[in-house]
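Undergrad: When you get a sec, could you build the whole thing from the sequences and use the hints?
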Amino acid sequence: MIRRFFVGSAMMVAASSLAQRAVVEREGSGKISINLAAFRTGGDTASRGFLSVLKADLNRSGYFKVTSSGAALNVVGKVQAGSQMKADVQVYKAATRQRMMGKSYDASAKAYRTLAHKVADEIVYAVTGKRGMASAKIAMVGTRSGRKELYICDADGKGMRQITNDRSIIVAPRWTPDGKNITYTSYKYRNSPCVFMTGRGQPVSKQPGLNAMGTVSPDGKTMAIILSLSGNPELWLISVRSGKPIRRLTKTQRGNEASPCWSPDGNHIAYVSDSSGRPHVYIISKNGGRAKRISSSGTENLSPDWGKNGYITWCSRVGGKYRIVVASPTSRTSRVLETDWADYEDPRWAPDGRHIICSRTSGYRSAIYLLDTLKDSPVALVSGSGDWYSPAVSP
Amino acid sequence: MMSKFLRMCVFLAVAGSLALSGGCRSKNANDADLYGSDNLYGDPLMGDVPLADVDGLPADGDRSVVDPVYFAYDSSTVNSEEAGKVEEVANLLNKNKWQGVIVEGHTDERGSREYNLALGERRSLAVRDYLISLGVDPSKIQTKSYGEELPDNMGHDESAWRKNRRAVFAMY
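Chains as they are written, first to last, in this note's numbering: chain A, 148 to 542; chain B, 917 to 1088.
By construction, these hints were calculated from the structure, which means they are not laboratory data.
Some hints could be false.
Said to hold, decoys possible - Listed next, with one range per pair, are the computed distances between beta-carbon atoms:
#1 B:Asp978 to A:Asn434: 44 to 52 Å
#2 B:Asp978 to A:Ser530: 37 to 45 Å
#3 B:Gly972 to A:Ser315: 17 to 25 Å
#4 B:Arg1078 to A:Gly466: 21 to 29 Å
#5 A:Thr290 to B:Arg1078: 18 to 26 Å
Note that CB positions come from ideal geometry on N, CA and C, so glycine has one too.
TA: As structure tokens, then:
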């Protein structure tokens, strides 16, 4: 049994490294050069801030390389700000003078970062036809205050603000599908783990025992959650509105369930179970029934996230290190992302379906990192002033 | 030592028979079918006694009465060497020296925070199952998992981890 397992995992590693190379050659190489030298800014700090955030966003998108001469694309127009900011942005192909995008924007000068993120995403879409990630928000747990509180920042790691001041413990933040609220597990009610949602004073779920890792379905009505109500931690569905249990999906008296996440169509849930003796990733229908195990190699497989691109990413312990796996539940192929010697955990898809935001731990300090599933090197988004971990990316 | 071992055997037999009775047999066969029977760590089959409502019960207690129960890595099995502490708590509760207990489950820092939250709860529940098998009224037992969030020892080696994989008794 164990022998077969190792042979299987060795073959999988070989196959996955081949697949990775093919993907890199097809899509990752050859960034589009883009020149913003002719884009004029006012003398004010908001306008200059806008331009530098826009350039950084375009570089971070993975599709562009910002250059100052001889680019394939030219961005022209201007930005000016008093108390209000006005920006005109046009994107041309250098060779043919074909206009790919032309738009005017108005915003409060204080919101110059938000506006720059929006413009960056619109340039990515106009040129590549793909969704960008610059406007996404990252929720995470931070220890800066000496307690474990909930924080939110922009996708570039800037604009950090503290959301909770509960002086309790926060675990497992997740965005609601409308991107307006965050569900999280906290001990602020009876010193017990209960599931809360921002904007609601009362817990969403406060059953006896464990209430944790609540994740709202794409239609906003149902929450997948881990409850120990039945005498063992199991995966349940509850009503978001009333908090009442709807259905228990697992019955594993020898194991724990953890970390549910929804398929993009809301019909399935991927989650972790250790009922085989080690934690692995499974998929189950929202109606219950037979669960299907999708992870095979690695001594621990944890914390899955199902992207709108159809791929599931999770964290796998490989060779004594936590690494990030990307897998297709339909073709049953998977690969391990190239990372350094540190531990990478809690991967979450960015809305562009290309990048993954995760925590990186080295020397017992945790930071939030951006990984590219195609080619680019990992980038630190949030680090220092305490630990930052358990990221959740807005849809 | 021998008597503790015997009592542990009795506990496992009781837990097993609880699970097998009441029409659960087909479910267990189903579990084995779904997940395989390669249970490497031999975690106990849970007794499946639903938790009682805790609203109105104390949310904290005295942690100095009985020492914590310690666990092996990624395991929620109460070892025979640790079983005596659970028996001591059962004795205190059965003699009504205390009204009830909150069993607080903890893990070491390895593994994900979310998985550890479930593992800590399972440790609490394993202790709860053992208490129930010793005759303690289930409504006297609350469970609470802190996962890896409140380590007893802040170190990062096996000696620290061993102290952190624990179930603490908060008596009230």
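Undergrad: Hint by hint, note whether the structure agrees.
TA: Hints, one by one, checked against the model:
no. : hint                              : verdict
1   : B:Asp978 to A:Asn434: 44 to 52 Å  : 46 Å, holds
2   : B:Asp978 to A:Ser530: 37 to 45 Å  : 41 Å, holds
3   : B:Gly972 to A:Ser315: 17 to 25 Å  : 21 Å, holds
4   : B:Arg1078 to A:Gly466: 21 to 29 Å : 24 Å, holds
5   : A:Thr290 to B:Arg1078: 18 to 26 Å : 24 Å, holds
Every hint from the earlier list agrees with this structure, and none is contradicted.
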